[in-house]
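Undergrad: Assemble the whole structure, with the sequences as input and the hints as a guide.
Just so you know, the sequences run in chain order A and B.
Numbering of the first sequence is given in my numbering, commencing with residue 1 and proceeding in unit increments.
Numbering of the second sequence is given in my numbering, commencing with residue 1 and proceeding in unit increments.
It is worth saying that the hints were derived from the structure and are not from the lab.
A quick note: this is a predicted structure, and the numbers were derived from the prediction, not measured.
Idealized CB from N, CA, C, for every residue including glycine.
Incorrect hints may appear among the rest.
Simulated pairs of lysine to aspartate or glutamate, EDC-like, Cα-Cα distance not exceeding 20 Å [claimed, not checked]: (1) A/LYS100 - B/ASP238; (2) A/LYS100 - B/ASP241; (3) B/LYS57 - A/GLU61; (4) A/LYS100 - B/ASP59; (5) A/LYS72 - B/ASP59; (6) A/LYS100 - B/GLU244; (7) A/LYS67 - A/GLU7; (8) B/LYS68 - B/GLU128; (9) B/LYS57 - A/GLU55; (10) B/LYS57 - A/GLU19; (11) A/LYS100 - B/GLU128.
In silico contact screen, one side only, chain B against chain A (beta carbon under 8 Å); selected entries [stated by the list, open to error]: (12) ASN58; (13) GLU128; (14) ALA147; (15) ILE148; (16) GLN163; (17) TYR243; (18) GLU244.
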Amino acid sequence: MDEVILEIRHLSKSFGTHEVLRDIDFTVSKGDVTAIIGASGSGKSTLLRCINLLERPTSGEILFHGKDVTGKGVNAPEYRSHVGMVFQSFNLFNNMTVLKNCMAGQVKVLKKSKEEARETALRYLQQVGMAPYINAKPRQLSGGQKQRVAIARALAMGPEVLLFDEPTSALDPEMVGEVLSVMRDLAAEGMTMLVVTHEMAFARDVSTQVVYMNQGVICEQGSPAAVLGDPQRQETKDFLARFRKG
Amino acid sequence: MNVFSKLIYDIGRLWGKYWGSYLNGVRNTLILAVVATAIGVVIGLVCGILNTIPCSKNDPLPKRALLKVVRFIVRAYVEIFRGTPMVLQAVFIYYGLPYFSNNTLRFSSVWAAAILVVSINTGAYMAESVRGGIISVDPGQTEGAMAIGMNHFQTMVNVILPQAFRNIIPQIGNNFIINIKDTSVMFIISFTEFFAFHQYITGVNNLYFPSAAIEMVGYLTMTLIASFLLRRVEKWMDGSDNYELVSEDQLVMAAGTYSHPDRGTPFDERSREYDKDRQDARWAQARNESTRGDR
Chain A
1 MDEVILEIRH
11 LSKSFGTHEV
21 LRDIDFTVSK
31 GDVTAIIGAS
41 GSGKSTLLRC
51 INLLERPTSG
61 EILFHGKDVT
71 GKGVNAPEYR
81 SHVGMVFQSF
91 NLFNNMTVLK
101 NCMAGQVKVL
111 KKSKEEARET
121 ALRYLQQVGM
131 APYINAKPRQ
141 LSGGQKQRVA
151 IARALAMGPE
161 VLLFDEPTSA
171 LDPEMVGEVL
181 SVMRDLAAEG
191 MTMLVVTHEM
201 AFARDVSTQV
211 VYMNQGVICE
221 QGSPAAVLGD
231 PQRQETKDFL
241 ARFRKG
Chain B
1 MNVFSKLIYD
11 IGRLWGKYWG
21 SYLNGVRNTL
31 ILAVVATAIG
41 VVIGLVCGIL
51 NTIPCSKNDP
61 LPKRALLKVV
71 RFIVRAYVEI
81 FRGTPMVLQA
91 VFIYYGLPYF
101 SNNTLRFSSV
111 WAAAILVVSI
121 NTGAYMAESV
131 RGGIISVDPG
141 QTEGAMAIGM
151 NHFQTMVNVI
161 LPQAFRNIIP
171 QIGNNFIINI
181 KDTSVMFIIS
191 FTEFFAFHQY
201 ITGVNNLYFP
211 SAAIEMVGYL
221 TMTLIASFLL
231 RRVEKWMDGS
241 DNYELVSEDQ
251 LVMAAGTYSH
261 PDRGTPFDER
271 SREYDKDRQD
281 ARWAQARNES
291 TRGDR
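TA: Okay, structure coming up:
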């Protein structure tokens with residue numbers, strides 16, 4: 001069996017009295033591509049943000065290689081440098097060029113030399129097809145290009161897990177394909193990924209497990225064939241039916 | 001005699017006799033404004049940064065208490081120096097120091113006193129501008145930095161402050177121009193800036209209006225040059241709108257190399273709406289379906 005990287009145990013998150021996540025349980029092993037699907041407001045993004053500690057879980061545990069990272073003594077920045085994140089709104093650093101965006105974390109956080117960081121950044125920018133644009137500023141790029149740079153920036157940190165928070169939701173439809181194909185390539189290379197997505201085709205073809213969330217709880221989870229092809233719960237069926245129609 | 005020709009004659013007379021004093025005043029005013037604005041911006045940056053240190057319930061109690069105290073001090077500083085006239089602050093500090101120390105301490109030079117007063121005044125205004133500049137940077141920038149493992153300090157230095165600084169340059173310019181004009185109140189502690197020379201000169205010859213006209217033109221010239229230079233600085237900081245593509249022959253475009261097995265199925269992840277062929281096909285299909293349904 002593959003090595004377990006992330007273990008989410010009884011994770012809950014409330015904003016005030018509003019309970020956004022309730023008793024979330026699942027495991028991510030090395031090489032897994034986990035697709036988290038569900039309607040808007042079902043807590044998918046909050047779950048991902050909790051995993052990266054951008055939100056503090058109210059209760060429960062997140063085990064990274066068996067160690068709980070939700071405790072008080074945990075060095076959150078250090079943990080985050082092992083867990084890459086790609087945002088819906090890209091969040092590239094506006095004050096830096098494409099190349100600098102991909103180098104900043106390596107130089108400042110991983111303390112690599114500039115030459116080494118530059119080499120790594122170029123390699124990943126090439127992989128996502130953005131190497132010609134190293135001198136551009138984020139404001140000069142299209143959405144799809146920004147997101148590919150954001151993926152390269154996350155990869156340049158050498159993360160063990162990559163979290164994608166609706167990476168294609170803010171993109172014009174014609175740019176969705178270029179970002180998804182980069183993600184497909186990553187999955188094929190064996191990258192461990194957690195993807196919050198509305199792209200059902202991606203979930204069906206690329207993922208190794210699908211988690212369907214409804215109103216803050218995991219309603220159904222399993223292989224893509226099981227959850228998407230033969231859903232057991234009525235909520236899942238209704239959700240998928242809405243997609244088929246659209 | 002025509003009033004205007006008389007005015008020009010008087011101005012000419014004043015300038016001919018006192019141009020050295022006027023220019024000396026301009027020089028002192030500019031030095032004071034530049035130095036005090038620069039120091040004020042530094043004070044403002046420090047206060048603004050202290051005021052935006054994140055503080056959550058998870059932090060240990062000593063840290064939270066310390067932050068509370070720091071914020072209170074900064075707040076008091078800002079309110080006191082923003083809320084009282086600078087002319088009074090000058091008197092208060094310049095004469096207050098010897099008064100409280102029984103004449104053992106006093107400002108060795110009026111320059112030091114003037115720079116101190118204008119700097120802390122500018123700092124009080126800049127503190128709020130800097131705080132605003134930091135807050136106005138998209139929170140996504142912080143999240144992006146945190147997500148690659150930067151701590152608060154690294155995030156501030158590398159990502160937030162450069163962008164916040166760009167945001168507050170118009171405010172720095174504002175304060176600089178205000179300082180060029182408002183340093184004129186420093187005559188109260190006998191600092192010899194531009195306006196102080198007006199008082200000396202008119203005290204001798206009573207040519208109030210012609211001298212005031214020289215002063216008006218002088219101040220306007222200084223502020224116009226200042227705003228022109230500030231625009232140039234902003235443009236320079238924004239950088240070029242163009243960028244060069246870097247061509248390397250081994251580049252492989254990752255995008256577009258994937259073949260799409262789902263084309264045309266409900267799982268097609270490409271833009272059906274924007275793909276003309278697909279759209280036509282879909283409309284055709286929809287027509288067929290509705291026809292089938294109706295009959």
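Undergrad: Has the given pair, B/LYS57 with A/GLU55, been kept, meaning a C-alpha gap of at most 20 Å?
TA: This hinted pair holds, its Cα atoms lying about 13 Å apart.
Undergrad: Keeping to a limit of 20 Å between CA atoms, is the pair of A/LYS72 and B/ASP59 held or broken?
TA: holds, 9 Å
Undergrad: Holds or violated: are the alpha carbons of A/LYS100 and B/ASP238 at most 20 Å from each other?
TA: Satisfied, since the Cα-Cα distance of roughly 16 Å is no more than 20 Å.
Undergrad: Between the alpha carbons of A/LYS100 and B/GLU128, is the straight-line distance 20 Å or under?
TA: violated, 30 Å
Undergrad: Minimum Cβ distance from B/GLN163 to chain A below 8 Å?
TA: holds, 5 Å
Undergrad: Please check whether B/TYR243 passes as an interface residue: C-beta within 8 Å of a C-beta belonging to chain A.
TA: B/TYR243 check passes; min Cβ-Cβ to chain A is 4 Å, inside 8 Å.
Undergrad: Is B/LYS57 close enough to A/GLU19, meaning Cα to Cα at most 20 Å?
TA: This hinted pair holds, its Cα atoms lying about 19 Å apart.
Undergrad: Per the CB criterion, is B/ILE148 less than 8 Å away from chain A?
TA: holds, 4 Å
Undergrad: Taking only the CA atoms, is the gap from A/LYS100 to B/GLU244 under or equal to 20 Å?
TA: At roughly 15 Å apart (the allowed maximum being 20 Å), B/GLU244 and A/LYS100 satisfy the hint.
Undergrad: Does A/GLU7 sit within 20 Å of A/LYS67, going by the straight-line distance between their CA atoms?
TA: Holds, at about 9 Å.
Undergrad: Regarding the pair B/LYS57 and A/GLU61, is the alpha-carbon distance no greater than 20 Å?
TA: Given pair B/LYS57, A/GLU61 holds - Cα atoms ~19 Å apart, limit 20 Å.
Undergrad: Within a Cα-Cα threshold of 20 Å, do A/LYS100 and B/ASP241 meet the stated pairing?
TA: holds, 17 Å
Comparing the model with each earlier hint shows violations of hints 4, 11, 13; every other hint is respected.
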